[in-house]
Amino acid sequence: MANVALRNVKKAYPNGFEAIKGIDFEVGDGQFCVLVGPSGCGKSTLLRMVAGLETITSGEIDIGGRVVNQVEPADRDIAMVFQNYALYPHMSVYNNMAYGLRNRGMANGEIDTRVQEAARVLELSAMLDRKPRQLSGGQRQRVAMGRAIVRQPKVFLFDEPLSNLDAKLRIAMRVEIRKLQRRLSTTSIYVTHDQLEAMTLADILVVMSAGQVEQIGNPLEIYQKPATTFVAAFIGAPPMNLLSLRDPEIKLQGPGSDAGLLGIRPEDLAIANGAVPDGGVALDLTVEAIERVGAETYVYGLRAQQSGTPAVSSKPGELPPGEILVRIPGQEGPAIGQKIRAVAPREKLHLFTADGRKRLN
Amino acid sequence: MVEQAGIRRYVAHVILWIGIAIVAFPVYLAFIASTQDNAAIANGQMSLLPGGHFLKTYYQTIFVGTSGSTREPVGMMMFNSLIMSLLIAIGKIAISIISAYAVVYFRFAFRMTIFWLIFITLMLPVEVRIYPTYKIVADLHLLDSYAGLTLPLIASATATLLFRQFFMTVPDELLEASRIDGAGPFRFFWDTLLPLSRTNMAALFVILFILGWNQYLWPLLITTRDDMQTIQTGIRKMITTTDALTEWPIVMATAVLAMLPPVLVVVLMQKLFVRGLVETEK
Chain A
1 MANVALRNVK KAYPNGFEAI KGIDFEVGDG QFCVLVGPSG CGKSTLLRMV
51 AGLETITSGE IDIGGRVVNQ VEPADRDIAM VFQNYALYPH MSVYNNMAYG
101 LRNRGMANGE IDTRVQEAAR VLELSAMLDR KPRQLSGGQR QRVAMGRAIV
151 RQPKVFLFDE PLSNLDAKLR IAMRVEIRKL QRRLSTTSIY VTHDQLEAMT
201 LADILVVMSA GQVEQIGNPL EIYQKPATTF VAAFIGAPPM NLLSLRDPEI
251 KLQGPGSDAG LLGIRPEDLA IANGAVPDGG VALDLTVEAI ERVGAETYVY
301 GLRAQQSGTP AVSSKPGELP PGEILVRIPG QEGPAIGQKI RAVAPREKLH
351 LFTADGRKRL N
Chain B
362 MVEQAGIRRY VAHVILWIGI AIVAFPVYLA FIASTQDNAA IANGQMSLLP
412 GGHFLKTYYQ TIFVGTSGST REPVGMMMFN SLIMSLLIAI GKIAISIISA
462 YAVVYFRFAF RMTIFWLIFI TLMLPVEVRI YPTYKIVADL HLLDSYAGLT
512 LPLIASATAT LLFRQFFMTV PDELLEASRI DGAGPFRFFW DTLLPLSRTN
562 MAALFVILFI LGWNQYLWPL LITTRDDMQT IQTGIRKMIT TTDALTEWPI
612 VMATAVLAML PPVLVVVLMQ KLFVRGLVET EK
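In order, the protein sequence lines correspond to chains A and B. Under the numbering used here, the residues of the first sequence are numbered 1 to 361, in order. Under the numbering used here, the residues of the second sequence are numbered 362 to 643, in order.
Just so you know, the hints here were simulated from the structure itself, not pulled from any lab data. There's no promise every hint is true.
Some, not all, of what chain B presents toward chain A, calculated at C-beta under 7 Å [to be verified]:
#1 534
#2 538
#3 540
#4 542
#5 543
#6 553
#7 556
Just the calculated beta-carbon pair ranges, DEER-fashion [stated by the list, open to error]:
#8 A:103 with B:459: 17 to 25 Å
#9 A:291 with B:474: 53 to 61 Å
#10 B:463 with A:291: 55 to 63 Å
#11 B:474 with A:17: 21 to 29 Å
#12 B:382 with A:103: 52 to 60 Å
#13 A:163 with B:577: 51 to 59 Å
#14 B:374 with A:164: 45 to 53 Å
#15 A:58 with B:506: 54 to 62 Å
Just so you know, even glycine gets a beta-carbon here, dropped at the ideal spot from N, CA and C.
Could you put together the complete structure from these sequences and hints?
Structure, rendered in structure tokens:
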């Protein structure tokens, strides 16, 4: 059992590209840390640096009180689950799990005990003699997990282990991974681009963007108080509405009226006819589209008055400028083309500086 | 399969049978000639049915050789050919898989230079560099030896390129998983890469064995002793007897015998080859 600490870790490639621009965080013993971010943000590179598969340009990586910068992957006492599982195609399930133990010169009896135990936990006992190609995607995934478990390492590293599975299996395996990790209480670092996976699995969530940490913390805290507009837009589905406060149509009373950007989560908006709640915000919208997903309904509205060019450009995962998403419970909703007023109370507003880099409330 | 009814199907079959006959008839003729009496062949009165000299001819061919000359028995030639082909096939596979492993998986100085040097040798087959190669082999006193017969033919760019291409399709994660599993470069090569290359090695072995078996020019140059000659050079020497009558049954029996090992290799390895293809994870 061990904690993992990263101290000012940097990674620069020979061509000068800085993939990781100085990262600090610590994962406590037995904690489940999730690195999340869009593709190309450096999260997989960072994980591979912890694994020892990528060199560290500067800074320190510390596993269980030992700086491992120069330690070979095999000697770091870690186990890794790869995105494509990386099972040895010519070895049986049993040998896939036993291989790493044999290389360490473990006695056959001990190997057998560990493999059988892992197979029992992962419900693979009936498949130990099969080759990976005879298994389904979910079973291969479990073999990859088994290969990590039998090692009884200090740290588990997961590199998007569920992204090759179909949606249903992904949710089932997500729960399985969390249960297993709780029971073994092994420190884990998990990389994903799926914010739902990140929210549900993490004890500590690290949101990354362009080689830097945007925010670290408890997932719910991050959801409630995103530190930057990047985090605000990335965490939460559907994404947060972001509006420029330079827009004269939006009047914000009280403190914070000097903020540059306003964020409102779709579920914090309500359709109302009455007055604007004290210090809150009201948006006049024309309903453009409606999505009914059963338990709730998404209402896409276009702001009634659009003045000038949008202040916030839309990135992937964000709404196009001028469009506001309102999330209401149930299946009832306004008709398309109808004019509605969406209101949000003061305490649900997120205020950011104009560049979106700093939270103001 | 294209299923066609009626006359068109018969036409197709007839064409195929004609094709088979064109290929197979000379082989059949060689076999028939090897069972006939030499006089019948010399008179041009050879029957198209097997004659009665099968056992006698083949016994003489394999264990005695042509009568009234100093030639070795064909058994000896076949043994030489077999040794040469096996050494060439196994040697080439061993050398090229190791060099491909080095070129693909290790970062060392002049890695690409070395790769291109290997690549360039594609343009220099034995026929082109025959004099310098002969000189080197002669200077090393390797004439009339198995080493002289095989070593110059072992270095192979084609096999190296084939393994290089295959290794580049092996996912990097397998190497990384091996590293985390505590397998060093040697273990990764032995435990993962070699088993995955089995089908490639089988295919290559078939090709290289036949290539080695069919060598003519190089053995002709490098061997002077009769007990070192291969079956391919041996057949030729049997025919060029100026004074005497060529013993055609024995020549034909030798030709039939020369065909057998490559056929055997293809038939035997085909199973492994096909099984490997079916099993391969792609």
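So, going through the hints one by one against the coordinates:
| no. | hint | result |
| --- | --- | --- |
| 1 | 534 | 4 Å, holds |
| 2 | 538 | 4 Å, holds |
| 3 | 540 | 5 Å, holds |
| 4 | 542 | 3 Å, holds |
| 5 | 543 | 4 Å, holds |
| 6 | 553 | 6 Å, holds |
| 7 | 556 | 4 Å, holds |
| 8 | A:103 with B:459: 17 to 25 Å | 21 Å, holds |
| 9 | A:291 with B:474: 53 to 61 Å | 60 Å, holds |
| 10 | B:463 with A:291: 55 to 63 Å | 57 Å, holds |
| 11 | B:474 with A:17: 21 to 29 Å | 26 Å, holds |
| 12 | B:382 with A:103: 52 to 60 Å | 59 Å, holds |
| 13 | A:163 with B:577: 51 to 59 Å | 57 Å, holds |
| 14 | B:374 with A:164: 45 to 53 Å | 49 Å, holds |
| 15 | A:58 with B:506: 54 to 62 Å | 59 Å, holds |
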